[in-house]
Amino acid sequence: MILKRTIPLLIVFGIGVLAFMQDYVPHPWSTAFRDEMTTWTMVIGGFAMFLGLYSLSHMHITKIRRKMPGWGYSIFVFIGAVGMIAVYILGDTIGPLYAGTANKKSLFDWGYEYILVPCSATVFSILAFFMASAAFRTFRARNLAAGLLLAAAIIVMFGRVPVSENVSLRLFGDGMVIPNLSKAIMDYPNLAAKRGIMLGIALGMISQSMRILLGIERSYMGGGD
Amino acid sequence: MTTNPGRPRHYELTRRIIFVLVALAVILPYFSGRQQPFTPSPEVRKVFEKVDGLSPGDHLFIPIDYDPSSEAELYPMCLSLLRHCFKKGVIPIVMTLWPTSVGIAKQGCDEAAADANSMFGKKVVSGKDYVFLGFRPGVQNLILKMGDNLKGAFDKDYYNQPTQGMKALAGVNSLKDIKLLVDLAAMGTVEWWIAYGTDRAGIPMATGTTAVMAPDLYPFYQSNQLIGFLGGLRGAADYEKLLKIPGRGERGMLAQSATHVLIILLILGANIRIFAGRLLRKKEGLS
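Chains A and B are the protein sequences, given in the same order. For the record, in the first sequence the residue sitting at position 9 is 9 according to my numbering, with numbers rising by one throughout. For the record, in the second sequence the residue sitting at position 241 is 1241 according to my numbering, with numbers rising by one throughout.
Chain A on its own, in the form it takes in the complex (with noise of 0.2 Å):
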């Protein structure tokens, strides 16, 4: 109980009260104590690559050994891994193994540039089709309520690409008037809201922070405790 609750809590309380209150405390011992941690952190961080990358492994072999559905894409998750970290090791350290004499780019640039880039931003244009249909198909004025937020979200679709200038200055002589008006939305109503929502958040961040310095919260810990 001891190794497996009392101590973690008390490293945690510890540390937690000495990153906090070096902000306060305009000491060298404070800016080293800081630059120390930063610097273990960075280490910790470079670990949890590996335990990451343990993780996506475990998770896909599961997947794979067990015939889970859809388990046929796990295994491009290690072609594509496994891939790279050869072409990698071939071409940037044993190499030169390049791709094209002109451009004399790395195999691994090669594979990142015209795979990896391209796939990425396929898969996140998508967003645009499923977007115009779920608009067509839930964008409705049911209601007052949702007539204003409809309104809107017209007003500032169509106020932030060029064409509103057009047609603001065929229909008002003015070609801002539709921009500044969707300007007005995002620099008014959307503004106080962000700041209710961010402070609201902050908040809880502050309350769930003073919940796991004080031993409150230990879900981080494991164990469903």
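In short, the hints are calculated from the structure, not lab data. It cannot be assumed that every hint is accurate.
Unchecked claim - Straight-line Cα separation of at most 25 Å, SDA-like style, residue types lysine to any residue; simulated pairs: (1) B/K1151 to A/V43; (2) B/K1156 to A/W40; (3) A/K63 to A/C119; (4) B/K1123 to B/E1111; (5) B/K1151 to A/D35; (6) A/K105 to B/V1124; (7) B/K1128 to B/K1156; (8) B/K1156 to A/T62; (9) A/K194 to B/K1128; (10) B/K1128 to B/S1118; (11) B/K1176 to A/K105; (12) B/K1087 to B/V1102; (13) B/K1123 to B/N1160.
Claimed, not checked - Chain B residues, not near chain A, derived (Cβ > 10 Å throughout): (14) K1046; (15) E1071; (16) K1128; (17) K1151; (18) Q1161; (19) K1167; (20) I1203; (21) R1281.
Treat the numbers as computed from the prediction; the structure is a model and nothing was measured. All residues carry an ideal CB built from backbone N, CA and C; glycine is no exception.
Dock chain B against chain A, hints included.
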């Protein structure tokens, strides 16, 4: 495309028609090569003017905090900023908080450095005219570390050159020695840079983000924690226009206009259909 057995047939058909319309609205205007006139927003103009006001030899810190999925919106911003620096003789210090962003950051540096030669007749060299520091783990702690000791956080650059004694980093010991920081972000790093980096170091900050993230920036912009920001492809286009070097941002404006107008028409069409249906049902009920 598989159909969902629970959905009516017309649902799938409408969905497919919308997909085709969106594809056409993006592809046709983009490849038409036509451009639309537009006025750069004040948020972007402030960033441009700040960078433009820097003196040769000043340092601009550019964290590349986006991965390839957001390349379409943020890469044009990265190129414009770096080109602006090279044009002015400002020294950009590029780094990333994310391992997946290293390749895209390097690509930006390489392309802008090559452009500097062809566009401004300047031969730009890594370590002298710009620095690419690459990636280190730690995220918020890395930012804190750079606030105290930048060369301690990055003892070598991406190309394994020691940062100590590097000509491009002369006079730069921490973030306090930077004239401006512009975070190009598709993740929640803007708040971290403000809280742990620029506010503590007392240096101005701007940002370039994806369009969906832009509404979150207004509170920081109003409180002057951000001097300005570039929101989405439109932000990139604004910067390109101000820099007078056209790129993918400006080229994408007609496609973005067409897509936004299409989505607005779809929403309005769907609502008109519902209202008309309701009116019809009411009439039928009355007669």
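A quick look at each hint next to the structure:
1. With a C-alpha separation of about 16 Å, the suggested pairing of B/K1151 with A/V43 holds against the 25 Å cut-off.
2. This hinted pair checks out: B/K1156 and A/W40 have alpha carbons roughly 18 Å apart, not beyond 25 Å.
3. Taking the CA atoms of A/K63 and A/C119, the gap is about 23 Å. The hint holds against a cut of 25 Å.
4. Of the pairs offered as hints, the one joining B/K1123 and B/E1111 holds, with about 13 Å between alpha carbons and a cut-off of 25 Å not exceeded.
5. This hinted pair checks out: B/K1151 and A/D35 have alpha carbons roughly 12 Å apart, not beyond 25 Å.
6. Of the pairs offered as hints, the one joining A/K105 and B/V1124 holds, with about 19 Å between alpha carbons and a cut-off of 25 Å not exceeded.
7. Proposed proximity of B/K1128 and B/K1156 is supported: the alpha carbons are some 14 Å apart, at most 25 Å.
8. With a C-alpha separation of about 39 Å, the suggested pairing of B/K1156 with A/T62 is violated against the 25 Å cut-off.
9. Annotation: proposed proximity of A/K194 to B/K1128 is violated, straight-line Cα distance about 42 Å (limit 25 Å).
10. A threshold of 25 Å between alpha carbons decides the hint, and for B/K1128 with B/S1118 the separation of about 18 Å falls inside it, so the pair holds.
11. Only pairs whose Cα atoms come within 25 Å are accepted, and B/K1176 paired with A/K105 is rejected, the gap being roughly 36 Å.
12. Simply put, B/K1087 and B/V1102 have alpha-carbon atoms about 24 Å apart, close enough for the 25 Å limit, and the pair holds.
13. For the suggested pair B/K1123 and B/N1160, the alpha carbons sit about 21 Å apart, so the restraint of at most 25 Å is met.
14. A cut-off of 10 Å between C-beta atoms confirms that B/K1046 is not in contact with chain A; the least separation is 14 Å.
15. At roughly 5 Å from the closest C-beta of chain A, the C-beta of B/E1071 falls inside 10 Å, breaking its exclusion from the interface.
16. Separation of B/K1128 from chain A is adequate, the least Cβ-Cβ distance of about 21 Å exceeding the 10 Å criterion.
17. With 10 Å as the threshold on Cβ separation, the claim that B/K1151 sits away from chain A holds: the shortest Cβ distance comes to roughly 13 Å.
18. For B/Q1161, the requirement that its beta carbon stay farther than 10 Å from each beta carbon of chain A is met, with the minimum near 16 Å.
19. With a least CB separation of 25 Å from chain A, B/K1167 remains clear of the 10 Å interface cut-off, as annotated.
20. For B/I1203, the requirement that its beta carbon stay farther than 10 Å from each beta carbon of chain A is met, with the minimum near 18 Å.
21. With a minimum CB-CB distance of about 15 Å to chain A, B/R1281 clears the 10 Å threshold, and the non-interface call stands.
Going through the hint list in order, the structure does not satisfy hints 8, 9, 11 and 15.
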